[in-house]
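Student: Now for the letters of each chain:
Protein chains: 2
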Amino acid sequence: MFSIGSKEDNKNYELDLKGVNNLRGLALDMIVNAGSGHGGIILSAAPIIYTLYKYHMNLDFNNLNYINRDRFILSAGHSVPLLYGIDYFLELLELDDLKKLRKIDSKTPGHPELGITPLVEFTSGALGQGVGTSVGCAIASKYLKEKTNNLINNYTYVLCGDGELEEGITYESLAIAGTLKLNNLIVLVDCNNVTLDSNLNDSSCENLKMRFEAINFNVIECDDSVKNINESLELAHKSDKPTVILVKTIMGLYSKYEGTNKAHGMVPDSEDLLNIKEKLEIHEASFTVNNEVISEFKKEVEERSNKHLKEFNNKYQELEDKSLVDKLINHEVSYNLNEIDIFSEEKSLRENSKDLLNKIANDFELLIGGSCDLSSSCKTYLENLGDFKENNYKGRNIYFGIREHAAGAITNGMALSGLRPFVSTFLAFSDYMRASIRESAIMKLPVLYIFTHDSITVGPDGPLHHPIEQLPSLELIPNLKVYRPFDLNELIGSYIDIFKNNNPACLVLPRDSKNISAYTKSSEVANGIYEVIRNDTDDFINLIANGEELGIVLKVSKNLKEMGIDNKVLSIPCKKNVSNIKDLLNNQRTIAITLANPVYFYDITNEVIGINDFGKSGSKEELLDFFGFSEEKLVTQILELLKK
Amino acid sequence: MFSIGSKEDNKNYELDLKGVNNLRGLALDMIVNAGSGHGGIILSAAPIIYTLYKYHMNLDFNNLNYINRDRFILSAGHSVPLLYGIDYFLELLELDDLKKLRKIDSKTPGHPELGITPLVEFTSGALGQGVGTSVGCAIASKYLKEKTNNLINNYTYVLCGDGELEEGITYESLAIAGTLKLNNLIVLVDCNNVTLDSNLNDSSCENLKMRFEAINFNVIECDDSVKNINESLELAHKSDKPTVILVKTIMGLYSKYEGTNKAHGMVPDSEDLLNIKEKLEIHEASFTVNNEVISEFKKEVEERSNKHLKEFNNKYQELEDKSLVDKLINHEVSYNLNEIDIFSEEKSLRENSKDLLNKIANDFELLIGGSCDLSSSCKTYLENLGDFKENNYKGRNIYFGIREHAAGAITNGMALSGLRPFVSTFLAFSDYMRASIRESAIMKLPVLYIFTHDSITVGPDGPLHHPIEQLPSLELIPNLKVYRPFDLNELIGSYIDIFKNNNPACLVLPRDSKNISAYTKSSEVANGIYEVIRNDTDDFINLIANGEELGIVLKVSKNLKEMGIDNKVLSIPCKKNVSNIKDLLNNQRTIAITLANPVYFYDITNEVIGINDFGKSGSKEELLDFFGFSEEKLVTQILELLKK
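Chains as they are written, first to last, in the numbering used here: chain A, 869 to 1512; chain B, 869 to 1512.
Take the hints with a grain of salt, since some may be wrong.
Dumping the calculated DSSO-like pairs for lysine-lysine here, alpha-carbon to alpha-carbon at most 30 Å [said to hold, decoys possible]:
{"no.": "1", "chain 1": "A", "residue 1": "K971", "chain 2": "B", "residue 2": "K1444"}
{"no.": "2", "chain 1": "B", "residue 1": "K1444", "chain 2": "A", "residue 2": "K1443"}
{"no.": "3", "chain 1": "B", "residue 1": "K1450", "chain 2": "A", "residue 2": "K1488"}
{"no.": "4", "chain 1": "B", "residue 1": "K1501", "chain 2": "A", "residue 2": "K1444"}
{"no.": "5", "chain 1": "B", "residue 1": "K1450", "chain 2": "A", "residue 2": "K1511"}
{"no.": "6", "chain 1": "A", "residue 1": "K1484", "chain 2": "B", "residue 2": "K971"}
{"no.": "7", "chain 1": "B", "residue 1": "K1501", "chain 2": "A", "residue 2": "K1312"}
{"no.": "8", "chain 1": "A", "residue 1": "K1423", "chain 2": "B", "residue 2": "K971"}
{"no.": "9", "chain 1": "A", "residue 1": "K1124", "chain 2": "B", "residue 2": "K1049"}
{"no.": "10", "chain 1": "B", "residue 1": "K975", "chain 2": "A", "residue 2": "K1484"}
{"no.": "11", "chain 1": "A", "residue 1": "K1450", "chain 2": "B", "residue 2": "K1512"}
{"no.": "12", "chain 1": "B", "residue 1": "K1049", "chain 2": "A", "residue 2": "K1116"}
{"no.": "13", "chain 1": "A", "residue 1": "K1382", "chain 2": "B", "residue 2": "K1512"}
{"no.": "14", "chain 1": "B", "residue 1": "K967", "chain 2": "A", "residue 2": "K1484"}
{"no.": "15", "chain 1": "B", "residue 1": "K1049", "chain 2": "A", "residue 2": "K1130"}
{"no.": "16", "chain 1": "A", "residue 1": "K1382", "chain 2": "A", "residue 2": "K1426"}
{"no.": "17", "chain 1": "A", "residue 1": "K1484", "chain 2": "B", "residue 2": "K1423"}
Everything labelled a hint here was simulated from the structure, so no lab data went into it. What you are looking at is a predicted structure, and each value in this text was computed from that prediction instead of being measured.
Here chain A stands alone, though its shape is the one from the complex (with noise of 0.2 Å):
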């Protein structure tokens, strides 16, 4: 254990005292309360988080949006009671707030929830999540730090358990932050040495020292003194890498289960909870705080905060060019896509997409993204716009390396901080960051996500690189927008529309398509469903797909009509955008053809040629023949279907 050493300063480390058992006994009179809930870390994590905000965090009590705020993520979300018990403590909440804990429509959910409560800058739960989340605050701010000539200038925080570290999520973003040095990001460690079933070390041996200095980190080690852990982070402030403190405390702490894992969720009993008060000192009735801790508490948050406001605003005034900040002010994210003039027949999907994320990148400094080290094959690179590094935060491009996961929770955080990040990777490897997409969709960020060779097309590489069930999965994702262009006019319908509104969504591509039909039609990606090949009789089949094979089905379609079979070819580029398509059905056989897992059209029809089983190795066309998608075979399938 390294001790910080005794600085002189003028706090009340007396007072801060008082004031951290208050928050104890605070956050645990809401547990009790509420019936259920996270006893142990309440008793271990408090001084960490009081020391935080009464000491450190920037604030504007007026406009709890202020970009210029510091952020803290709370990622051990389970312990939220003490982030409601600050809430109280700097008049956000009332006490009636904290009553309410873990009952429905309330201010104080049972794990935090982005949108509902003062203070929560993320929804957290899902352990590690949070860890990832905060390394992209780190990245956003140190981009608009230099796209704002100082302006923005901020910390991150991170608060997690050292259980939570055993998550590989925390392991990849935490390399990302070390190797780009984000000395501006601020994790510290709850070292209670417990996790739910039983002591941390029965599954973990792991020295976080040596891990931590592994990745280039600033590491600090302290114990749970308001005035150690202050030191602490005075000295994470000057370092030029991102730190790391440990904070050793004890889980549970004068509970009778203190120290053991039976402490994780603990409500105490009534003999329990007078105990636990007894030693914490509180001597005032349930939901009652010391009125100096209180008054204390929020002049020093507020005198901090107002003074670095103040700057702030002089820095604002002074600046020649505020278009960028009035739009971070504004969370302006949108952006309008148009005068597209620069898509070649000539090239693939892909390649086109590129050009058209590049054209948008140049007029538009929110984007910025990376890729899970696929750039080159997800043809996502901004080119000419630079690298985000250690020494140049004003690049565009991030390498996220081969770490989907943190990739997905790093532009969560990039996108929480007011830009329109993007990532990329092969679309069999949604898989690795599913959890983190479905934090953008709980919290509606505008992260795109583009996922290229989406299906058996990819040929060679065999049943792992083919996705199959992962288009139907992404879009069982609530709110989660997924695009499937069938050809460039659609491509370029899917990026105008993904960039007009905000929210998160997933381009869904092939390897190498290349595809541009003359009946296609841009404007209707935004309808989600729409009519490629008309059909004028009034006995037809409707034939419904999206992305490539659309490119098969309207051959089929033209071999159909040869035989006598009238139909009807719909696209369907934005499932999620459809709102109504009974009219275009007009109540006629409908067949939908893809080569995702069925399911993926069951909401549209009963009748739907997909793909039940996993890829093989082989050609693309080989591949398409086995599994019955080439031409010939797709045209028997649906004569057979039709016979039934």
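Following the hints, position chain B against chain A.
Tutor: Chain B alone, transformed into the frame defined by chain A:
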């Protein structure tokens, strides 16, 4: 760079260099002939695979499934032409097979696929999976060593690239290996310092030596000579900890892209191929390997392996109780569950599940598993069977820690080594391990995933703890059977069906339902769907549900009957077991009810009452009401549907 020192031995390293270069040339011939592949790693990793097989791997040429063979997991699946080359050296593949690389239905797919090619132990190509799975093989070997009086005693080797080590799953799984001191695990890293997009240091500043020391690994660094790799492996065998050998190699050695990321997916053109082969001193025609190389290689492997086999057979003969070993030899991993008298109607489904799991485990030694730090919540702890720990490899409970992704990959490795493993976490967090579940499904491994807390009925922990899309999303994965029992009868039926068969399976359970119905039948789980409440009139509606919501539907059914709406209730405890439901539905109107995304049932009916949004924090009762699933609101919803 740590040099191994020059130990005297009688190996013909000069011939070995020729052998390595022949292997490189042969693998290049394969990808040139195929027209695609990954030339970079072929040129860098060849000496590693060559040395490992020539001097260390113990095989049985007459029985490649020999249970005590050493395992080689090729995690860097894109280097597979090298392994096919070894197959050729050992006369396990013909030249003709090599010429069919990447063609459909060949023995030589683009990435390794289990069951298709000799020596391939694992379907790889999604980075990081093989590393995780190798830890599972090593765990299985340690366990079986204890259970077979040291008869089973082998090494697991895994090859990955240094870029692949960016994947979070590699940190998670290797931290487990270090904690468990699995000294039978040797990780070979092809340190070529290049990834697909760029130099490794663009995305990673990590000090690998420090990283591995932090997790209790023996770290060896060496160059890419056969001599040094061999001596490193010998050193590794003496370690009491798992070993990582960091082999310094050169990506795309001798090619025009040598040492750069452009070498990654390189297929050399004819000029470059000539040039490379000249530097490799290969003067033979394509697809030709020096005779002496091949004969010496095969001789060395055979002599060593035969000695190994002889020892094994002697020990086997001496073994008193051969039953477990014979089960392994015959790959008998099913278990006949009967005499079920242990359940209690007073307990929740989770608790009864625990009793069933414990009952099986007590009788069935191949069953071993663990939890992602949620054994006490998922109720999957095996009582009195000990913990699998460094000093107790016969323990049956593995502490995976909060490492879902690794847990999935590790259980895959355990299943590959003949065990019947299980792993548990909350259903919402199945997203974290999805890529590993996909591997179970592709390889059809008998892994049991126990996912509890299966819907919004989790209550106050909020949306990140509420599975909505996870149930249909898992159902989308081919080969994976998802069981969602309603009550104790169906729970028993699920366990019977799961252990009778050898499919990868998910058992999905609610948080605290404790239903038992007089109408449900355990025997019907094998049929997937069945009538719980019959209706003998001709005019009725079908109500379909599973899991906890079936309880609500049973009440609703009664309500509807009282209103004069005849109905039949069908339970569907395992969708993938359903073969034909037409007769059951009897052409009547069918309404399905689910707390998951309605897509879950659209393959059965287009009238589904489900949840197409994220959950929220609140009590179970509040949430059921909010989402329209209280008894009263569900009746209303059904009546509304029937009006249409």
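Student: Now, for every hint given, state plainly whether the structure supports it.
Tutor: Hint check:
| no. | hint | result |
| --- | --- | --- |
| 1 | A:K971 with B:K1444 | 37 Å, violated |
| 2 | B:K1444 with A:K1443 | 26 Å, holds |
| 3 | B:K1450 with A:K1488 | 36 Å, violated |
| 4 | B:K1501 with A:K1444 | 27 Å, holds |
| 5 | B:K1450 with A:K1511 | 18 Å, holds |
| 6 | A:K1484 with B:K971 | 10 Å, holds |
| 7 | B:K1501 with A:K1312 | 29 Å, holds |
| 8 | A:K1423 with B:K971 | 26 Å, holds |
| 9 | A:K1124 with B:K1049 | 33 Å, violated |
| 10 | B:K975 with A:K1484 | 12 Å, holds |
| 11 | A:K1450 with B:K1512 | 14 Å, holds |
| 12 | B:K1049 with A:K1116 | 26 Å, holds |
| 13 | A:K1382 with B:K1512 | 44 Å, violated |
| 14 | B:K967 with A:K1484 | 18 Å, holds |
| 15 | B:K1049 with A:K1130 | 27 Å, holds |
| 16 | A:K1382 with A:K1426 | 20 Å, holds |
| 17 | A:K1484 with B:K1423 | 47 Å, violated |
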